[in-house]
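**Student:** Chain by chain, the residues run as shown.
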Amino acid sequence: MKTLTRTAIALVAGLAIIGDAFLLFVKPHLAQQSTSAGLAAAGTESGAGSTNSSDAGAADGNSAGSPDGTASDSSSDSSDSSDSSDSSSALTDGTYTSVSTPNEYGEIQLQVKVSGGKITTITTVKVPTHGRSQSVNAQAIPELTERAISAQSADIQFVSGATETSTAFVNSLQDAINQALNAD
Amino acid sequence: MTVIQARVIHAMTIPFTIQLASDTASAAQLATLIDTVTPRIADFLRQVDATFSPFRSDSQVTAARHGDWSPLLADASDRHLPQSAAQGQLPSRRTGITLAPDGTRRTQSAFAEVYALTEQAKQLTHGHFDPMHVGAYDPTGIVKGWAVERAHEQFLMPLIKSGQCDAAALGGGGDIQTAVADTSDFTWNIGVQDPSNPHGTVRTVTMRNGGIATSGTSQRGEHITRSTYDLTQATVIGDHLTFADMWATTAISAGERTFRELVAANPAAQADLMAVFVRADGTVSELKPGRSTSPSTHRQPDRS
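Residue numbers (numbering that gives the first Met the number 0), protein chains in the order written: chain F, 0 to 183; chain H, 0 to 303.
Heads up, some of the hints might be wrong.
As the list claims (entries may be wrong) - Just some of the chain F residues that point at chain H, by a computed CB distance under 7 Å:
1) TYR95
2) SER99
3) THR120
4) ASP154
5) PHE168
Stated by the list, open to error - Each computed EDC-like pair below joins lysine to aspartate or glutamate, with the alpha-carbon atoms no more than 16 Å apart:
6) H:LYS287 <-> H:GLU260
7) H:LYS287 <-> F:GLU142
8) H:LYS160 <-> H:ASP181
9) F:LYS117 <-> H:ASP181
10) H:LYS121 <-> F:GLU106
11) H:LYS160 <-> H:ASP22
Stated by the list, open to error - From chain F, some residues computed to sit far from chain H (all C-beta separations above 10 Å):
12) THR4
13) ARG5
14) GLY115
Since the hints were made in silico from the structure, they are not lab data. Note that beta-carbon positions come from the ideal geometry of N, C-alpha and C, so glycine has one too.
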């Protein structure tokens, strides 16, 4: 019984030490890595990720003309280089937000931090979508036919295959189909 | 009777095939139309190559590989991609925007759009699609599908919408985006290449609006990092070629089992995607949309 209690205590203590060590050494490193590499997998992953996510929302919301429309932590930087002319190719310091058109898998934003005229960090922010965007037209579902077609068949217009090169195109199946179509 | 005209453009060392179909126009009328649009698509593809080729010393991708990521913030109106190509016509899609620290908005650069897509692809596929797989940025695996989809949208969709043709498709090296006017009952029939017979196909896909892409082991230029070798070829059909192409690459990289799991775990992918796999042993299997990961029919390719 005594041995059992000792073992249990040792086990709990051991786990606590391992947990502390993870929080101390591994986790900060992971968070830092995801930020510096600019690959934070958005909101869900870490505190840093969700901060970026809310910043993006704020930046998008009050963007119309406010000089401090971006993340607050970079506003001091942007005042430094506000004298740079528009025609200059040097980048104004601060955080830029690049917002892509939403697609069926969601909406992606890039947060690009510029410091000293150079891009220092690229962070990817995945913005949750409000359901899948539907196609405007009702799509007919493609059909698969279990039918093999021999060369130069008049039944198909295209061939989908592993990347075909320009040098190998002559006399390829697609080449033959194209020529047959134009000859009709 | 439906007439179809076809033209070929060679760009990025790949043959691109344009096809226009019409239920009413004559072959001569359709030929005039396709000869007008072909050089515009050729220009667009050359600009894509100039921007994204990792083999050109002056491309933006090469700059990024050397640590200069400023193309992310480039003003799209400074360049020819893709806005100037649309001059004289209404933009057919909403473009992304870049918000500067001073609150000004600019059109998102094509480079930034593609970078965001590669990051999204990496997340969607749990890293099986990775534009940084060898430590240097290489978006080649997504650029071709993206370029075909954009060119189709920008140059061919207006021809359908204006009634100048009933159907239009653009293929680049085996990856195809198709569309048909709502008023036409035309369907595109696309053969899935038999990887062991250059003049044979293993399936026929009948579709109206969508993208179809094939990846294979013989593919060059995409530098796929593979974790398994169970598939010889993967063909993916979806609403949009950019993602169909990305998923096909992922299938080759991840293998059939992992691919089915990735698709099953993603509602958008599961609702949309179809796939045809050619396994290493030559058997063919399929993935149907909205189904679970249950294995489908196996069948020897018919080499008639």
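**Student:** Are the hints correct? Go through all of them and say.
**Tutor:** Results of checking the hints against the structure:
1. The interface hint given for TYR95 (chain F) is met, as the beta carbon of that residue sits about 6 Å from the closest beta carbon of chain H, less than 7 Å.
2. Proximity of SER99 (chain F) to chain H holds as hinted, the smallest CB-CB distance being about 4 Å (cut-off 7 Å).
3. Hint on THR120 (chain F) is violated. Least Cβ distance to chain H is approximately 10 Å, over the 7 Å limit.
4. Because the smallest distance between the Cβ of ASP154 (chain F) and any Cβ of chain H comes to about 6 Å, under 7 Å, the interface hint for this residue holds.
5. The interface hint given for PHE168 (chain F) is met, as the beta carbon of that residue sits about 4 Å from the closest beta carbon of chain H, less than 7 Å.
6. This hinted pair checks out: LYS287 (chain H) and GLU260 (chain H) have alpha carbons roughly 13 Å apart, not beyond 16 Å.
7. For the suggested pair LYS287 (chain H) and GLU142 (chain F), the alpha carbons sit about 9 Å apart, so the restraint of at most 16 Å is met.
8. At roughly 9 Å between alpha-carbon atoms, LYS160 (chain H) and ASP181 (chain H) fall within 16 Å of each other, so this suggested pair holds.
9. For the proposed pair LYS117 (chain F) and ASP181 (chain H), the alpha carbon gap of about 49 Å is over 16 Å, so the pair is violated.
10. A threshold of 16 Å between alpha carbons decides the hint, and for LYS121 (chain H) with GLU106 (chain F) the separation of about 14 Å falls inside it, so the pair holds.
11. At most 16 Å may separate the alpha-carbon atoms for a hinted pair to count; LYS160 (chain H) and ASP22 (chain H) meet this at roughly 15 Å.
12. Consistency note on THR4 (chain F): stated as away from chain H, and its beta-carbon is indeed over 10 Å from all of that chain's, at 44 Å minimum.
13. Remark: the non-interface label on ARG5 (chain F) is consistent with the geometry, its nearest Cβ contact in chain H lying 43 Å away (cut-off 10 Å).
14. Against the 10 Å criterion, GLY115 (chain F) stays outside the reach of chain H, whose nearest CB is about 13 Å from its own CB.
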